[in-house]
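Chemist: As they're listed, the protein sequences go chains A and G. So in the numbering used here the end of the first sequence lands on 211, straight run, no missing numbers. So in the numbering used here the end of the second sequence lands on 120, straight run, no missing numbers.
Hints were generated in silico from the structure; no laboratory data involved. All figures in this text were calculated on a predicted structure; none of them were measured in a lab. Warning: the hint list may mix true and false statements.
[What the hints assert, rightly or not] Label pairs and their in silico Cβ distance ranges:
(1) A:Y124 to G:F65: 32 to 40 Å
(2) A:K155 to G:T120: 37 to 45 Å
(3) G:G33 to A:Q110: 41 to 49 Å
(4) A:E152 to G:S56: 14 to 22 Å
[Said to hold, decoys possible] With a straight-line cut-off of 30 Å between C-alpha atoms, the simulated DSBU-like cross-links for lysine-lysine are:
(5) A:K210 to A:K153
(6) A:K113 to A:K159
(7) A:K153 to A:K99
(8) A:K159 to A:K99
(9) A:K113 to A:K155
(10) G:K62 to A:K99
(11) A:K153 to G:K6
(12) A:K151 to A:K113
(13) A:K167 to A:K155
(14) A:K167 to G:K6
(15) A:K159 to G:K18
(16) A:K159 to A:K210
(17) A:K153 to A:K167
(18) A:K151 to A:K99
(19) G:K6 to A:K155
All C-beta atoms, glycine included, are put in the ideal place defined by N, C-alpha and C.
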Amino acid sequence: SQKIEQNSEALNIQEGKTATLTCNYTNYSPAYLQWYRQDPGRGPVFLLLIRENEKEKRKERLKVTFDTTLKQSLFHITASQPADSATYLCALDMSGSSNTGKLIFGQGTTLQVKP
Amino acid sequence: KAGVTQTPRYLIKTRGQQVTLSCSPISGHRSVSWYQQTPGQGLQFLFEYFSETQRNKGNFPGRFSGRQFSNSRSEMNVSTLELGDSALYLCASSPQGAGGDSPLHFGNGTRLTVT
């Protein structure tokens, strides 16, 4: 079955540094991969989506890469701020060629940015 | 546009009881997905409804069921509650269904505690 692995250990970095989070997956080749942010007690919020034919996607201080050979996505936050502290989840589209609504999530990595 | 609304926000039930959770999607969204989130298992996919039909189902026992109404609002029901059902239940909507290039829009969840 599909397995999605994110670093379960919290990532602690200093303000201003670049945070890099990893998402690895097995047994499937998704056409799309999504990243979400979740704050305590709230639902996840969509951040970025990357397609299998895109190597890299950027949005402001966020950058996502997608390596279908390595079956890995990296999520970068540059010039990190304490407000970036949250849990970040990657999600894979399991619906194949049609949008049949099956998005599977990793366990998430908690990022703590210290001032 | 109003976001995804889930009610109630908190719920305390006793083992053996049943519970119904409600979700109102973003206006115009026809797909509603349900997830269970626990510290140990992360976000687990329950099921997805589109135009009142269940299109996808996760690996949960039959005690977990759902339905969607013609106005796209959805309910989730858990019967014969067990202690292990204590979790944050999240509902998410999307225009046509998650997956592909369509992200999910989550509510802030219903926190269910089973005693």
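Chemist: If a hint holds in the structure, say so; if it doesn't, say that too.
Modeler: Hint by hint, here is what the structure shows:
1. Between Y124 (chain A) and F65 (chain G) the beta carbons are some 20 Å apart, a value that contradicts the proposed interval 32 to 40 Å.
2. At roughly 43 Å, the beta carbons of K155 (chain A) and T120 (chain G) sit within the given window of 37 to 45 Å.
3. Taking the beta carbon of each, G33 (chain G) and Q110 (chain A) are about 43 Å apart, inside 41 to 49 Å as hinted.
4. Take E152 (chain A) and S56 (chain G): their Cβ atoms lie about 36 Å apart, and the range 14 to 22 Å is violated.
5. Distance restraint check for K210 (chain A) and K153 (chain A): the Cα-Cα separation of roughly 26 Å lies within the 30 Å cut-off, and the hinted pair is therefore satisfied.
6. Between K113 (chain A) and K159 (chain A) the alpha-carbon distance is near 14 Å, which keeps this suggested pair within the 30 Å criterion.
7. Distance restraint check for K153 (chain A) and K99 (chain A): the Cα-Cα separation of roughly 23 Å lies within the 30 Å cut-off, and the hinted pair is therefore satisfied.
8. Taking the CA atoms of K159 (chain A) and K99 (chain A), the gap is about 23 Å. The hint holds against a cut of 30 Å.
9. Of the supplied pair hints, the one linking K113 (chain A) and K155 (chain A) holds, its CA atoms being roughly 17 Å apart against a limit of 30 Å.
10. The straight-line distance between the Cα atoms of K62 (chain G) and K99 (chain A) is roughly 17 Å, inside the 30 Å bound, and the hint therefore holds.
11. This hinted pair checks out: K153 (chain A) and K6 (chain G) have alpha carbons roughly 27 Å apart, not beyond 30 Å.
12. At roughly 23 Å between alpha-carbon atoms, K151 (chain A) and K113 (chain A) fall within 30 Å of each other, so this suggested pair holds.
13. Taking the CA atoms of K167 (chain A) and K155 (chain A), the gap is about 22 Å. The hint holds against a cut of 30 Å.
14. The hinted pair formed by K167 (chain A) and K6 (chain G) fails the criterion: a straight-line CA distance of about 36 Å is larger than 30 Å.
15. For the proposed pair K159 (chain A) and K18 (chain G), the alpha carbon gap of about 43 Å is over 30 Å, so the pair is violated.
16. Distance check on the hinted pair: K159 (chain A) and K210 (chain A) sit about 21 Å apart at the alpha-carbon level, within 30 Å; holds.
17. The straight-line distance between the Cα atoms of K153 (chain A) and K167 (chain A) is roughly 16 Å, inside the 30 Å bound, and the hint therefore holds.
18. Between K151 (chain A) and K99 (chain A) the CA atoms are separated by roughly 22 Å; this keeps the pair inside 30 Å, and the hint holds.
19. For the hint linking K6 (chain G) to K155 (chain A), the alpha-carbon distance of about 23 Å falls within 30 Å, and the restraint holds.
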